[in-house]
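**Student:** The lines below spell out each chain.
There are 2 protein chains.
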Amino acid sequence: MSELVRVVVDAMGGDYAPEEPVKGAVEALRENQSIFIYLAGKEDVIRRELKKYTYPEDRLKIVPASQVIETGEPPAAAIQKKKDSSLVAGLQMVRKGEADAFVSSGSTGAVLVGGQVIVRKIPGVERAPLAPLIPTERGVSLLIDCGANVDARPSHLLQFAAMGSIYMEYILGVKKPRVAIVNIGAEEEKGNALVKETFPLLKECRDIHFVGNIEARDIPKGKADVIVTEAFVGNVILKLYEGVASVLIHEVKKGMLSTLRSKIGALLVKPALKETLKSFDASEYGGAPLLGLRGLVVKTHGSAKAIEIRHSIHQCVQFQKQELNQKIQQYLRLSDR
Amino acid sequence: MSELVRVVVDAMGGDYAPEEPVKGAVEALRENQSIFIYLAGKEDVIRRELKKYTYPEDRLKIVPASQVIETGEPPAAAIQKKKDSSLVAGLQMVRKGEADAFVSSGSTGAVLVGGQVIVRKIPGVERAPLAPLIPTERGVSLLIDCGANVDARPSHLLQFAAMGSIYMEYILGVKKPRVAIVNIGAEEEKGNALVKETFPLLKECRDIHFVGNIEARDIPKGKADVIVTEAFVGNVILKLYEGVASVLIHEVKKGMLSTLRSKIGALLVKPALKETLKSFDASEYGGAPLLGLRGLVVKTHGSAKAIEIRHSIHQCVQFQKQELNQKIQQYLRLSDR
Chain A
0 MSELVRVVVD AMGGDYAPEE PVKGAVEALR ENQSIFIYLA GKEDVIRREL
50 KKYTYPEDRL KIVPASQVIE TGEPPAAAIQ KKKDSSLVAG LQMVRKGEAD
100 AFVSSGSTGA VLVGGQVIVR KIPGVERAPL APLIPTERGV SLLIDCGANV
150 DARPSHLLQF AAMGSIYMEY ILGVKKPRVA IVNIGAEEEK GNALVKETFP
200 LLKECRDIHF VGNIEARDIP KGKADVIVTE AFVGNVILKL YEGVASVLIH
250 EVKKGMLSTL RSKIGALLVK PALKETLKSF DASEYGGAPL LGLRGLVVKT
300 HGSAKAIEIR HSIHQCVQFQ KQELNQKIQQ YLRLSDR
Chain B
0 MSELVRVVVD AMGGDYAPEE PVKGAVEALR ENQSIFIYLA GKEDVIRREL
50 KKYTYPEDRL KIVPASQVIE TGEPPAAAIQ KKKDSSLVAG LQMVRKGEAD
100 AFVSSGSTGA VLVGGQVIVR KIPGVERAPL APLIPTERGV SLLIDCGANV
150 DARPSHLLQF AAMGSIYMEY ILGVKKPRVA IVNIGAEEEK GNALVKETFP
200 LLKECRDIHF VGNIEARDIP KGKADVIVTE AFVGNVILKL YEGVASVLIH
250 EVKKGMLSTL RSKIGALLVK PALKETLKSF DASEYGGAPL LGLRGLVVKT
300 HGSAKAIEIR HSIHQCVQFQ KQELNQKIQQ YLRLSDR
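Residue numbers (numbering that gives the first Met the number 0), protein chains in the order written: chain A, 0 to 336; chain B, 0 to 336.
No wet-lab data here; the hints were simulated from the structure. Possibly wrong hints are sitting among the right ones.
Note that identical chains are pooled: a pair holds if it fits in a single copy or bridges any two copies.
[What the hints assert, rightly or not] The calculated lysine-lysine pairs, modelled on BS3-like cross-linking and capped at a C-alpha distance of 27 Å, are:
(1) K120 x K175
(2) K81 x K189
(3) K189 x K80
(4) K222 x K202
(5) K82 x K189
If we strip away everything but chain A, and leave its shape as in the complex, we get:
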């Protein structure tokens, strides 16, 4: 029992709760013998969902929580007020060491604030960045930080670069991950004050494989594995990525259905295209970890389906088995600060 990785899944968070979180949890449980799942939320609701499935019952437990934090609520106040919410209950379990990780599709703000306030940062970590994987032509890259803490300092970005490298190396298996900083040109002397100050610090850093600036147009080409930027820009990149892709795919579909001829073509093209677009779908890679906390917190999309929950749970297992937090702590001890 002690070797099981214990993951709390927020059964009430996201647009498709409780169906999809419960389904994803059950699927992950079936796929991997070393997972123990806690489902946090309204007991009767979860029980009703669970009736749909057969699953190893000795590795799943319900954590009753009567409240739900809604997406619109101010995060800090909601966490303060709704002590019996699935989100707070789950994070508390990670804080107390009763669980190793927490996965939620609920309010991003509440997950971010809750992670920092309840689970708390590893001593020495200045900021806990939200680091989603984004699809590229060549696989995926880690975009770090996309969280809510804007106006970062160079020392924050330096830690993001290190934590991101560790993540890509041990969770995604990328050897010597290429780290780049988002800038508006490829030349070293370009950029705003923050980037200009951070660039030489990253260059000096011996623990990471820094490859210099990355222009936004090269991000989808997969020219770096770890893409370092402060949260405002990261957030813009993440959301624009989704926005452009969804509008473009919508337009392509519309174009294909505009004439009889193209409709016939669309039928023939569809299976091949589906495969292509799948590789550009972020949910295939699981949620975004909030790095640098004393336990793992993973934020999945608000619209996450079972597949994303499932992948996120497997990500938690990998995180735990690879002792990622110990590796981050080790880095902090080794670094000068």
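Using the hints provided, position chain B relative to the given structure of chain A.
**Tutor:** For chain B alone, coordinates are given in the frame of chain A:
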């Protein structure tokens, strides 16, 4: 003759110079009787290109310039050193009032610096923003600022909002253009220090139709006509837009050619799809104006073909006929600062 709009085209700038700039200039000349074109660059080279076409010769003149500013050169030094470049010669003509506008596909940095140093800002304009049109589901939006001046102040953003509104209203014919500021959430209290300071100022501004924050994912949906942001973020948005679109279109094409079945489908789908993707091609809308200068300077893509040059020239005519600079000056007089 006095009513002709005089546009200098940089015949030596961009990846396809001199062929495409010359071609675009000739086409624009044929399409519109009220244009006078100056082609700046190496006389023999331009003369050779012009031999390919018949055109109204009384409305075209070559401005001999022996030097070319390359993309890699440090902008300020290049402008200082290469006084006889097509770029400097063209900008000088606008400065002296010998031409109304300058269009170039050459080095962005040199166009930006040259515009400010040679043509100079309208008195009262704090910064001259580069404002490209970006394609959306519903047409185009103006993204302002994508230039090289990072670390902006709230008063800069306020002027961008006003100049952008004037541009969209009088050049694109958008009545009461919706102005939004790029932010990481829709709520008023979100954002970094700059956005939080600028938001209430925009809200108070009676000359513009401010609609609040815009999240990056809503930009491709066309939820605002004028998208205000500081240059670093604007640059990231512009380049990511191009990057995601080009990678995705590439992947779609690759997907379509991956099986025999899909290849047949691709043939049937192609004509309809071409039309769709055309509407998502920024070059259809001409180049990016550098607003707030004493004359008009338009930067076209480095890879601009004749069509983009042509559209940019027509844009210059519109700019001049609508007396846009007078309108900007009028706004500056009316505003409190």
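**Student:** What label fits K222 with K202 when the C-alpha limit is 27 Å: within, between, both, or neither?
**Tutor:** within (17 Å within a copy, 40 Å between copies)
**Student:** Checking K120 and K175: alpha-carbon separation at most 27 Å within a copy, between copies, both or neither?
**Tutor:** within (26 Å within a copy, 48 Å between copies)
**Student:** Within a copy, between copies, both or neither: where do K82 and K189 come within 27 Å Cα-Cα?
**Tutor:** between (47 Å within a copy, 25 Å between copies)
**Student:** Please work out whether the CA atoms of K189 and K80 approach to 27 Å or closer within one copy, between two copies, in both situations, or in neither?
**Tutor:** between (46 Å within a copy, 21 Å between copies)
**Student:** As a check of your reading, is K81 near K189 (CA-CA no more than 27 Å) within one copy, between copies, both or neither?
**Tutor:** Intra 46 Å, inter 22 Å, cutoff 27 Å: inter-copy only.
In the structure shown, no violation is registered for any of the earlier numbered hints.
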